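Student: Residues per chain, in single letters:
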Amino acid sequence: MSAYLNTRVSLFSGRLWRDDDLDALVSVPDDAVADTLALRGLPQLAAGYDSLGGKQQDSRSLEQRIIAQILDETRVMLRPLSGSARSFLTFWTARFEISNVKTLLRSKMTDERPAAILARLIPMGAFGRLDNQDLAHAEDVGELLRRLEAGPYAGIVRHARRAFEQSHDPFSLDAALDRAYYEGLTVRAQPLEETVGAPFRGLMANLIDRINLVWLLRYRFNYKLPPAQVYYLLVGSRYSLSGTQLQQLAGQDSLEAVLAALPPAWQVRLHGATDIPGVFARMEYAAAEQAQRVLHSPAAAIARSFAYLILRERDLRAVRAVLRGRHLGLADTDIRQALHRAPTEVE
Amino acid sequence: MLRAEPLLKIQLMMLASEAQDAALSLARFGVFNPAACTLDTLAESPAASYREAWLEADARLSKLLEQCGDTGPLHLPEDAEAPALADLQELNRWLKEVWIACLSCHESEAQIHEARSHLDALEETLAKLERLNVDLARLLRADSLLAVHIGSLPAPGLRRVTEALAMTGHLVSRFDQVGEQVFAVIAGPRTRHEEVQGLLAQAGWRELPVPDELRTHPQAARAWLEAERTRLNTQSGAECQIMDGLREQFGPRLHEARLRLALARPLAEAALAGVRGKGGLAALSGWIPKRQLDALRETLDQHFHGRYWLDLREPSADEVAEVPSLVRYPVWLKPFVPLVKSYGVPRYGEFDPALPFAFTYLLLFGAMFGDVGHGAVILLLAAALYRRLGRMAWVGIAAGAVSMLFGLFYGSMFGYEDIIEPFWLSPLHDPIRVLTIAVGFGVGFIVFTLLVNTYNKLIAGHASEALFDSTGVAGLVFYLGAVGSVVSLAGGADLEQPSGVLAGLGIVTIALFKWFEARASVGERILVTAIETLETGINLFANTLSFMRVAAFSLNHVALALAIFTLANGLDTAGHWFTIVLGNIVIIVLEGGIVAIQALRLMYYEGFSRFFSGDGTEFVPLRLSSQRARV
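Going line by line, the protein sequences match chains A and B.
Position 49 of the first sequence, counting from 1, maps to 49 under this note's numbering, and the rest follow consecutively.
Count along the second sequence starting at 1, add 347, and that's the number in this note's numbering.
Hints were generated in silico from the structure; no laboratory data involved.
Incorrect hints may have been included.
Now the stretches of chain B that chain A is said to cover, found in silico as 3 or more residues with beta-carbon under 8 Å [said to hold, decoys possible]:
hint, region
1, 397 to 404
2, 442 to 450
3, 538 to 549
Computed from a predicted model, the values in this text were never measured in an experiment.
Virtual Cβ for every residue (Gly too), placed ideally from N, Cα, C.
Based on the provided sequences and hints, a complete structural model is requested.
Tutor: Structure (structure tokens):
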């Protein structure tokens, strides 16, 4: 079965976008966009672009098509998997459904109509575990949370409900949901880290460390939360940034101080970053480089699949940026500026 | 019965304000299948808000009925009208108010339940605090330098909270755990008290309300706990009274709401397919049987007195795949229809295989499981289980009857071959004849499927496939020629030369057709033509031989009975009859089941797959009755 998955991942990897491909997409004529997308293995996006005359494609529909494409490819990779590998990859897709949970909660707070809410949800297809119709027709946040607690994400939602009941702050709901999801992901990753080893652990480390550092900076310096609360909101980590290091970092008073307190290897990686998006871009670039190495190595099939999905999602975000830029009628140079993926370009 | 009824596509235009009544009339009419409206000039969707309001109201009503119980059977008066959009929105608002009232009772009940659990935990905690011999009054003093909290938080978060609080100089001391909740004391400098408030809220910390009595006299807390329990019980009773009051107060109106929502359902359902409109006009599109046109006009005239415009047309050739299939079956054939539909729905205009399926399935089952006794048991069992199996019981009754008939032909009763004389032949004594008849039947069946496929292709406008493809006339010519050649070689007839010519003509035609159909390079075309032509011959040969299983199973039936008799004859009288009864049960259950599946398999794979694509659309009329799946 791993031979099948390895072959499948190798075939999929041919669909990844190089920077040149993205550059070409910026300047390709409108009537050739659909063909370009289809040639790069994005039939869902190509179909949307074709049927809606390209520029008519709104951002919600674009987002939904991108996720549909990712789910399609994940479904193919899941076929030969079983046990902890299957559980991990399935849970990896659940973050789109958690995003639906957040949409539902926010919409209920603003008393949106069920039809409008349903139109905004990401269609999860075979991966969907929530009864969106039923949830969208909940009367208020309280009823919605209780219904969610009776569903498949009870573990994630229960804690968020208690936090929300104490503070009635939408931020606490979002933060609790995100944290519970990534805690769940690390739990599911642990058996694979033990069996698959360094390649898989490296990918997870990059993901969780990036999330922790960016959240830390955002909570500490954008939301001005006290260090103890910031630390509590981070994902329990057993990767490069340990709990003690995160505590020390959360105690710093400025972004520069946080960056200066990072381990030397991290300082090299983040050299030149002056703001949170800069930190994110550099860390994402480092994660993509590592995913490329894993993808082109003889690592276990699940590690290569995960690496491919990380890279594919990054690509699709870039494609989305190009299509949105075109949709808004931005100049090619502005779109290229927004596309910068390498750290030297971020500066 | 053998093909779908001719349908007409209608566009019913009326005043938008009467769209709900038009949909209701069409639902009462009973044979209108809504379809997407294709009029480009009508760009608006006037029923979208109606559907949205209906969906919301229906969801609220369902939740209320779940809480309040059913309001009894629903009778829709003949002259009742569907609610207008404003009425529906008003009803929706009222349902919202009732549901919110109901929800707040529920929410209160849930909170009371949680508070009770909390009190239980507190009681256990008190017992521990009493033993601690701690002066709580001093510990919880508001003017002390130390801020102390006593409370609970979810157990999985304890470690994280402890680490985070340590950053602010706070200590966490856990003293109890009840279920998933950990009870703890948190103490830290009062000056940094504000810093931990957000963290504690985020962690789901619940402060234990330690009463003043407890602070001075821990024992006095028992009385406080009792008082709290009594208060919660009173509160819970009050909530129950409110709920009962809601039921009494709103029960009759809820029934009326059910009625109105049932009347509104047709337009809400039709809106799913797409009701279009512009200004004050609305158009409903869909399919009706051609023969019901006059009845439809009469219905519409009766309700709208000419305030409508009905446009109709025959289905065009390019939309045949989307036209629903409406086939009227006689009552006796209906039990077999689900077995055909489990393979697929015939396309509009295609040959409907339900009738030949019913006859052939029964014939094959009887031929493979011919036994008067076993057939009678199946018949009686199916009749006895009629209430549970519903209409499907008739399939069992018919299969049992045919099995009995073949039992008479074979002279078999509960495996005994010597009780009755065979009316026709005994499979055990004349196996070659049985095999020949089975293969002969197979040849006839395959010829029939090829003819049906030719008809279907011609109806669908694929004349070249009907004439030259392997499942069309050319395939039939080849097959008949090949069968004639085999029969001649076996000495059954003297048709060797004409049969050979026929087979050759057929296969060459097929090969040429495949050659012209293949869109590829020359090498690939040669390969495709050779393989597909060869496959034609092999498939038809294998499919014909497949029917030998009919004879094999009829022989198998006798052989199984013989095995049981051999075992039984070696035992004493009690053992003998026990083995005979048990053996017959095994034959009926095991072999009966296998034969039922084999007959179905022959029908599906040697029959349906040759002419029946099964990708048609079922005719689903707009109805007043509940059809939640469509909505």
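Student: Run every hint past the structure and note whether it holds.
Tutor: Hints and how they fare:
With 3 residues bearing a CB less than 8 Å from a CB of chain A, the region 397 to 404 of chain B meets the requirement of three and the coverage assertion stands. Proximity of the region 442 to 450 of chain B to chain A, defined as three or more residues with a beta carbon under 8 Å from a beta carbon of that chain, is established by the 4 residues found. Figure legend: the region 538 to 549 of chain B, annotated as covered by chain A; annotation consistent (7 residues with Cβ-Cβ distances under 8 Å, at least 3 required).
Hint violations for this structure: none, all hints satisfied.
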